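Colleague: Sequence:
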Amino acid sequence: MDQLTGFQRDLLYVIAGKDRPSGQEILDDINHYIDQPVTHGRLYPNLDTLVEKELVEKGQLDRRTNYYALTPKGRRELQRRQEWVDQYVDV
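At position 86 of the sequence shown the residue is numbered 86 (UniProt numbering), and the sequence of numbers has no breaks.
Hints in this document: simulated from the structure, not taken from any laboratory.
Where hints are given, some of them may not hold.
Said to hold, decoys possible - The calculated DSBU-like cross-link candidates involving lysine-lysine, where the alpha carbons are at most 35 Å apart (straight line), are: (1) Lys73 <-> Lys58; (2) Lys73 <-> Lys18; (3) Lys18 <-> Lys53; (4) Lys18 <-> Lys58; (5) Lys53 <-> Lys73.
These numbers come from a predicted model, not from an experiment.
Assemble the whole structure, with the sequences as input and the hints as a guide.
Modeller: This is how it looks when you write it as structure tokens:
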């Protein structure tokens with residue numbers, strides 16, 4: 001988790017908050033948060049990295065649309081990260 005970029009961690013949070021979102025759904029949500037619009041060219045390579053690190057599963061919704069979901073490893077890592085943040089931040 002510490003080897004991920006902040007953007008990649010943000011993607012994990014978005015994916016965790018949705019039920020098997022498509023790349024477009026992730027893009028829409030992340031663009032509501034980030035000031036600079038995120039392009040497909042930035043989004044999909046970062047999602048692929050998360051898949052390669054076995055934090056995210058990529059599957060097919062239909063012939064044109066993929067979904068993304070946290071793997072058990074991804075959920076554990078995100079939970080560990082959140083626990084670490086919580087010990088320093090009390091908002």
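Colleague: Failing hints, ascending?
Modeller: As far as the earlier hints go, not one is violated by this structure.
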